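Got chain A; can you put chain B on it based on the hints?
Chain residues, written in single-letter form:
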Amino acid sequence: MDLLESIKQNIIGMDKKKVVELTRKALDEGIKPENILYEALTPGMDVVGEEYAKGDKFIPEMLTSAEALRGAMELLNPILTKMDVPKAGKVIMGTVEGDIHNIGLQIVSMMLEGAGFEVHNLGIDVPAGKFVEKVKQEKAGIVGLSAFLSTTGLRFPDVIEALQEAGIREQVRVMIGGAAANQKYAETIGADGYGANASAAVKLARSFMKK
Amino acid sequence: MINNIKRPTVSLLATDFIERIIDEAKDVLEKVGVWVENGEALELLGNGGARIDKAKKIAFIPKTLVEESLKSVPSSVKFYDRNGNLAMNLSGDNFYFNSCTSSSIWDPALNKVREIETGDLIDIVRLVDALENLDGQYPSEATDFPKQVWDLTKLFFSLKYSIKPIMSSIYSKENFQQYKEMLIAVRGSGQALREKPLSNLPICQSPPLRWSDLVCYCTMRGAESGIPVLMMPMPMAGATAPITMAGTIVQHIAENLSGVVITQLTSRGAPIIWSGCPSALDMRFGTTPFGSIESKMISMSYCEVAKHMGIPTNGVIAASDAKCHDAQMGLECALGTVLGALNGINLISGVGMLNFATGQSLGSLVIGNAICGYVRWLMKGITPRGEPLAEDLFTEGLYEGEHFLLSSNTMKWFKEEYYYPDPVIDRQAEGVWTEKGSTTAEQRAEEEAKKILATHQPEPLDKDVDRELITIMTREAQKYGMSRLPLP
Chain A
1 MDLLESIKQN IIGMDKKKVV ELTRKALDEG IKPENILYEA LTPGMDVVGE
51 EYAKGDKFIP EMLTSAEALR GAMELLNPIL TKMDVPKAGK VIMGTVEGDI
101 HNIGLQIVSM MLEGAGFEVH NLGIDVPAGK FVEKVKQEKA GIVGLSAFLS
151 TTGLRFPDVI EALQEAGIRE QVRVMIGGAA ANQKYAETIG ADGYGANASA
201 AVKLARSFMK K
Chain B
1 MINNIKRPTV SLLATDFIER IIDEAKDVLE KVGVWVENGE ALELLGNGGA
51 RIDKAKKIAF IPKTLVEESL KSVPSSVKFY DRNGNLAMNL SGDNFYFNSC
101 TSSSIWDPAL NKVREIETGD LIDIVRLVDA LENLDGQYPS EATDFPKQVW
151 DLTKLFFSLK YSIKPIMSSI YSKENFQQYK EMLIAVRGSG QALREKPLSN
201 LPICQSPPLR WSDLVCYCTM RGAESGIPVL MMPMPMAGAT APITMAGTIV
251 QHIAENLSGV VITQLTSRGA PIIWSGCPSA LDMRFGTTPF GSIESKMISM
301 SYCEVAKHMG IPTNGVIAAS DAKCHDAQMG LECALGTVLG ALNGINLISG
351 VGMLNFATGQ SLGSLVIGNA ICGYVRWLMK GITPRGEPLA EDLFTEGLYE
401 GEHFLLSSNT MKWFKEEYYY PDPVIDRQAE GVWTEKGSTT AEQRAEEEAK
451 KILATHQPEP LDKDVDRELI TIMTREAQKY GMSRLPLP
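Protein sequences appear in the order of chains A and B.
The opening position of the first sequence corresponds to residue 1 in our numbering, with each subsequent residue numbered one higher.
The opening position of the second sequence corresponds to residue 1 in our numbering, with each subsequent residue numbered one higher.
If you are wondering where the hints come from, they were derived from the structure by calculation, not from laboratory data.
Be careful, since some hints might not be right.
[Stated by the list, open to error] Under the rule of at most 25 Å between Cα atoms (straight-line distance), these lysine to any residue pairs were calculated in the SDA-like manner:
id : chain 1 : residue 1 : chain 2 : residue 2
1  : B       : K56       : A       : G123
2  : B       : K323      : A       : P127
3  : A       : K184      : B       : P146
4  : B       : K147      : A       : Y194
5  : A       : K203      : B       : K450
6  : A       : K130      : A       : I103
7  : B       : K31       : A       : N102
8  : A       : K17       : B       : M283
9  : B       : K479      : A       : S199
10 : B       : K57       : A       : S199
11 : B       : K56       : A       : P127
12 : B       : K71       : B       : G49
13 : B       : K479      : A       : K17
14 : B       : K54       : A       : N102
15 : B       : K112      : A       : N102
16 : B       : K54       : A       : E97
17 : A       : K184      : B       : F285
18 : B       : K147      : A       : G129
19 : B       : K56       : A       : G129
20 : B       : K31       : A       : I100
21 : A       : K184      : B       : K450
22 : B       : K450      : B       : L405
23 : B       : K112      : A       : K16
24 : B       : K147      : A       : G98
25 : B       : K57       : A       : T151
26 : B       : K323      : A       : S199
27 : A       : K16       : B       : G238
28 : B       : K147      : A       : E97
29 : B       : K479      : A       : G190
30 : B       : K479      : A       : I103
31 : B       : K173      : A       : D158
32 : A       : K184      : B       : K380
33 : B       : K380      : B       : E391
34 : A       : K54       : B       : E294
35 : B       : K56       : A       : H120
36 : B       : K180      : A       : T151
37 : B       : K147      : A       : K134
38 : B       : K112      : A       : G123
39 : B       : K56       : A       : N102
If you're wondering where the values come from, they're calculated on a predicted model, not measured in any experiment.
Isolated chain A (complex conformation) (with noise of 0.2 Å):
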């Protein structure tokens, strides 16, 4: 089995331990980080998201799949950043305003990077202002908010129009998600797009980025 695909079986494997030291082996041997990226670690990753749509693989396995792809990306970022590669796209993650809940967040977040997107996850309870700052921070394509709550689901709107007042509403995709949002809001509101689970997110943010 040549490296990449050891990578990509260990990607699948859950096993960062080993995901870690074949990456670095392959850096040493002069394999482009973006071919690690794009021809091991992302169809590793797609490998199990098929799995689990399929019902064979569980989100705790999953999700340590992602941590495995992880922990890949902390040695090629920097490669990766330095040499300007362009990666998926960048998604600022975080829970609206007055929401203190996680969980959601944490999934999506993970599943995105584990999808080859750089995620920035500013956590819970981020008024629209820090949301509109690290847009324009990181040049980022698409935000993603989360709320649980029926009241903090008043935010969704609130963060867009920050958007919209800062400029820069054109250049982002806004995907919502959590126990707050559905398709139609996600329509009322003017936001691009509702996903209704981690795997939903990650369909949604491709799509944006094929546009």
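Chain B only, in chain A's frame:
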């Protein structure tokens, strides 16, 4: 002669296991602490003897403070209906059935889930008012109102269209005042409301071990107003709580014990209800099934722990995750209500609840009501009646007629000993069933709901009170752009 009737029971935890759980929960509060977003609550805990890490907003609560607080928790909480009559006494092994809150309703005519609007909410409240086995309203929100007042619509329509006690939460600090104002409008004064509670105030801590600003605020305002605070953390085992059921229970107990401390520091003797809405994250779909057997087991366990400490309990144990009132709904609701009653949970909530606590249907309420009827009967147990017990067997001439249909005992007991459910339960002969259209329980439940809604008139609200409630609701709706209430 044996005359005592055994109360049927089921329990999951041995006494020493319960004590071990409580000890560990106290350990958690002392060593790990709880995160408290609200400054006033943090200060309250600090003044009460908790060690406060101000920067991190963590309160480390010593065991002595927990134990001291437990001493003043009332062992019973009574609710009175809109007319002021005693409707529930949550204590000991008493049990009552509560409907379910949700943001959506399954509409069989459209074959889809849709949002609840004013007309739906009024139908739901009226239906629950009519269903004889449902003791309380656990109302939903009217989503055609501005989002900022959704919480107030729950209370408003329940008060207007039903006399049953209510379980209704609020979604913003600003709305607590309006919530209390509506309850006082019915009772006449703050003191009268304190003496005869009409609604409990559910609050949801945010597992693991976190108290949001809003939840702290509601807890303190509820406690000082004498509105029973119902503490309902919703841990997800494996995601926001430890994966094992025992681990989740420890966390849950710690979360509620911290609530005991906050309420009792706010007002000694403040009535509380120990509750929760646990689930184990389904690791295949990332969903939070409240209908699962494990959710029901965790609910039973935390209620057993509360009973051990003499605190009234609620469990959202009747819930199902089916999307409509189908076989899954029936089995998950039946399992939950029967286990809850056997377990001695005082308030058994979520009857008719669907779709991960976001749904219900008129049919699911009717089916749930039928299930509760069965459970109520089960809980009566078997009574020794007569001496001898089978008196009719000892009657002279047994073998001459060989039936008991004309026995005076039959006439005396046939209604008292046996339950005759509403038509949702089919017990007709097959031929009759076929003749009447070969209906399923789902269809009969929908028919029954229609029939009830066509005829049931809730007891009208006092005209002055009604006017006052409408004034409050209109004033609040107008703040957010709704000029007229969409009343029928």
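key: 25 Å Cα cutoff - pair K323/B, S199/A   = holds (21 Å)
- Query: Under the criterion that the straight-line Cα-Cα distance not exceed 25 Å, is the pair K203/A, K450/B satisfied?
  - Reply: Measuring from Cα to Cα gives roughly 42 Å; hence the hint is violated.
Within a Cα-Cα threshold of 25 Å, do K54/B and E97/A meet the stated pairing?
-> holds (21 Å)
K57/B and S199/A: Cα distance at most 25 Å? violated (34 Å)
Between the alpha carbons of K56/B and G129/A, is the straight-line distance 25 Å or under?
OK: K56/B and G129/A at ~23 Å, within 25 Å.
Task: 25 Å Cα cutoff - pair K56/B, N102/A - done: Judged against 25 Å, a Cα distance of about 17 Å means the pair holds.
Would you check the hint for K16/A and G238/B, treating anything up to 25 Å between C-alpha atoms as holding? holds (21 Å)
- Quickly compare the C-alpha distance for K173/B and D158/A to 25 Å and report which way the hint goes. Holds, at roughly 19 Å.
Tell me if the straight-line CA distance from K31/B to I100/A falls inside 25 Å. holds (22 Å)
(message) Hint check: K147/B vs G129/A, CA-CA at most 25 Å. Holds or violated?
(response) holds (22 Å)
Quiz prompt | Pair hint K184/A and K380/B, alpha-carbon separation not exceeding 25 Å | solution = Violated, because 47 Å separates the two Cα atoms, which is more than 25 Å.
query: Holds or violated: K130/A with I103/A, Cα cutoff 25 Å?
result: holds (20 Å)
Violated hints for the displayed structure, listed by number in ascending order: 2, 5, 9, 10, 13, 15, 21, 22, 23, 30, 32, 37 and 38.
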